[in-house]
Each structure stands twice: as structure tokens, then as C-alpha cells.
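Taken in sequence, the protein lines are chains S and D.
Note that our numbering gives residue 86 to position 86 of the first sequence, counting from 1, and the numbers run on in steps of one.
Note that our numbering gives residue 1109 to position 109 of the second sequence, counting from 1, and the numbers run on in steps of one.
Note that these hints are calculated values from the structure, not bench results.
These numbers come from a predicted model, not from an experiment.
Note that the Cβ used here is the ideal one computed from N, Cα and C, for glycine as well.
Fair warning: there could be bad hints in the mix.
Unchecked claim - Pulled a few chain D residues facing chain S out of the computed Cβ check, cut under 7 Å:
| # | residue |
| --- | --- |
| 1 | 1038 |
| 2 | 1043 |
| 3 | 1122 |
| 4 | 1125 |
| 5 | 1126 |
| 6 | 1153 |
| 7 | 1163 |
| 8 | 1173 |
| 9 | 1177 |
| 10 | 1181 |
| 11 | 1189 |
| 12 | 1213 |
| 13 | 1215 |
What the hints assert, rightly or not - Negatives, chain S to chain D, calculated, CB over 12 Å:
| # | residue |
| --- | --- |
| 14 | 24 |
| 15 | 48 |
| 16 | 62 |
| 17 | 84 |
| 18 | 153 |
| 19 | 167 |
| 20 | 174 |
| 21 | 212 |
Protein chains: 2
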Amino acid sequence: MEQAGNKTDSKIAVESKKGDIAREKILDAARRVFSRHPYHEASLRMIAKEGGFDHPLIRYYFPSKADLFGAVVAEVVDEFYAAHFVWMKGLDLLPPGKGLALLIERIVDHHYESPNGMRIIMQNISRTEALDAIPGYPLIPQLLAVMRSNFRQKVLLSGPEAEIGQFFASLFVTIVLYLGASSTTAQFLGLDHAGPHYRAWLKSSLVFQFLPWLTRLSLPTS
Amino acid sequence: MEQAGNKTDSKIAVESKKGDIAREKILDAARRVFSRHPYHEASLRMIAKEGGFDHPLIRYYFPSKADLFGAVVAEVVDEFYAAHFVWMKGLDLLPPGKGLALLIERIVDHHYESPNGMRIIMQNISRTEALDAIPGYPLIPQLLAVMRSNFRQKVLLSGPEAEIGQFFASLFVTIVLYLGASSTTAQFLGLDHAGPHYRAWLKSSLVFQFLPWLTRLSLPTS
DNA sequence: TTATTTTTTTGCCGACTGTAAAAATAGAAT
DNA sequence: ATTCTATTTTTACAGTCGGCAAAAAAATAA
């Protein structure tokens, strides 16, 4: 949004022409709308109104609605890809209990700073048909696989590989549910999804739900 | 669908006039469509095509799309309400570990016999705004409260009331996620959501995820 | 300045939506 | 048989959708 000082030195930012900031403006508006509405319910006109421009402008930068959504998902996946390196920093130096607690704390804090990513994923995760029907969504299992692989190299686990994969998948989908649909989940708990109570519940409950599992995977054999 | 022998003895089924079977035909088709598509994506014409009738017929029995969806959700909630009594039968005679395993096994088996209920709930659970925006959905927290209350009377728990509520809410939303979005969840696990592997994984994984929590709630103090 | 390119806006298309009312059909009662 | 009512089908409408083309505007280059 704010790219100050670009008026005078237009030569420095060769790549960032005027069109690029318009492109980002569209992506930002689309992110907000797609985080509130599933793919088919969100419309290009909604996005245009959200961003304060006319809807055919979208077509100038993105050939179709599917392309726009795909670009948004790709952006979100990229951000998660970058973030998960930070999340894992120093995790190998801690015992499983502390490590899992720190990891979850980092993920939750990240979400409260930038909640749209989880929400966009969550909005479209429920369909019975193949996930491939939603543009960009095939990237998500890939992201999960990369995260698992990197975590695998970082932290020493001794359980069978298949169960480690299941542990990660469970943790991942549960986090997406608790964070991405936090409004609904919090309502079931009788909490306010934006308040500190729910945020604290998230951290303790996720640790409590997954620590026994992780413990089993990090010990030689039970 | 099949109500044979109604031609001759039309006097017996006084309540079930001709219109009532049409009403059920519509509800059945709507159930199937709403289990595959979120509320706004599903259309009355989809439902009509699914059921093999003309779409304005819906309006004769249901004043609006919201009313139809509300009737479907009410039906689903009623079925869950009836089912949860069966799920809890005999649970008080078992230790927590066996009891939770049996409960989950019953829920999973129920879902595989009639999967549409969980799917319909899951399809529309992700929206950020209030759950009340979806017709019929305010019934769901009520259902959860009733189930919790009945379980509370059946099984002896000693933990703080607030945590018991959180335990139930977590178990509930996790089951809805794992079952209602089984296609996606199974894909993350690398399994086929209709196959026996995923079904077995569901049972063991849910028990493993929630037994430690339940154990804490059923003991005097840790 | 003028000429050229890039960006934005206006207007429209066919398809689809929920809702509405009219027309057709069926069944039962008189 | 006819009349009346309940049910179903047909037709229609006003609104929104994604996509497209051409005009208008703005920015850039000459």
C-alpha cells in the first residue's frame, strides 16, 4: 500500500511501475473478500467495491476470476512457506513439550497479525469433490509436504514415517480449523474469537491435544 | 421415496397426503445438494434437477430458499438429537478410555451410514461473520449444549465446568472437521476418504487426541 | 507541443439467480 | 357430468454474475 518516495526517483523502481501497485491493490482487496466469502460466493464486483475501483480493471491484470484467486492463494502459500522457517527456529534445542508450545504460540501469534491466510484456506476446504476444483488449492498439500519435510530434518523423531505424516496432517487441519474458522469455533466455546480468552485457549488446547501424540513420536518406543 | 401401497388405502395415511411425499422429495434432494455445496453456491435449480422436478415446485412448499435450507438444517439437527441418545447408551458403565472409544466408533459409523448431516454443517461453518447469517445454524450451538448437558448427566466428570465445555466443543468441531470435510482431510493424510484406512484412522486418531484430556477431567485432580 | 503507449472507465452480453404470477393438470366432492 | 380445490408446470421478471470490447483518460515518449 504505502510506497513513499516513489514520485521523484521513478528510475530506481524500474520493476514497480504504476501498474504493479494497482495489481497489488487488487490482490489486497481480493484477499480481504476471499477471506470472508468462499470462492463462488465472492464476486469480482465485491472485490472492486472493497478496493474502490471498477471491476473490469481486475481483468486488465488477471485474465479471469480463477486466475485472480489462484494468485491470491499462491501469495498466501508463499507467505506460509516463508513463515514456517521462522516458526521452526530453535525448535531442535527444546524438549518436545516446550518445542510444540513454542511452535503453536508462534503460529497463533502470526495468525492474529495476519489472519486472512488461514481464513481463505478454510473458506474453501469443505467441499466434497476434489480439492483441485478450487484454483490454487493443489498448492496446499504441497505446502504441507514441504513443511513436514523441513520439520522432519530439524527435529529428531523416531516414530514410523506414516504416523509422522498423520500427526502433521492432523495438526495442520486442526490449526486451520481453529484459526481459519475462529469465529465459529469460538462461538461453540462461548468465547469471543477476537478476544484474549480465545487466543489463550487456542495455545493451551492445541498443545494439550497434540503433545501426547508428539511425545509418542519422539521417544524410541513406548 | 418408496412408500408402496398408498394407492388403495389412502385413508390410513391421513397425514401423509400427496403433498407430503413431494415435500420429502424436495427435502431429500436439497439435502444432497446442500451437502455438496455451501448455501450461496447451491441453487434451487440444482436441487430441482437433483430431484427431478421443476424448481418453482420448491416455492409451493417452502416460501424461500432460506426456509428450505432452514428446514434441512432442522431435520439434520433433529437426527443428531435422536442419534446422540443412542451414542451415549451404556457409556457410564465403561472406563473413560473404553467409553470414549465406543462413543467415537458409534459417531463414525453413524456418519458413514448417513454422511450428509456433518457435510452440510461443515459446508457453511467457515464464515467469519456471525453464524446466525446462515438460516438454521443457530440451532447448532443449541444442539451442542443439549448433547453436553446429557453427557454431563450420564458420565461422572470432576473437572471444572468451563473446561468440560471446552472439551466438548473441541471434540465436536474436530469431529465435524474430520467427518464433514473428510475428502479434504483424507487427502492431506494421503488416504481415500471413502476407504477403510481413513475410517480406521479416524477412530484411533480421535481417541488418541482426546483421551488425555478426558482422563484429566474424569480424575479428582491431576 | 504531438504522438504513442499504458491504464482506467463505460457500456453491454448471455447466463444464471430467487421470486412471482399465470396457466395447466389432477383428484375429490357434489 | 360439473365444480371446486390442491398440486404441478409453464412462463416471466428484475437483479447479479463473469467476461468482453471499445471509448475515455492518463501517463510516457517523441
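Q: Please flag the earlier hints that this structure goes against, numbers listed from lowest up.
A: 2, 6, 7, 13, 19, 20, 21
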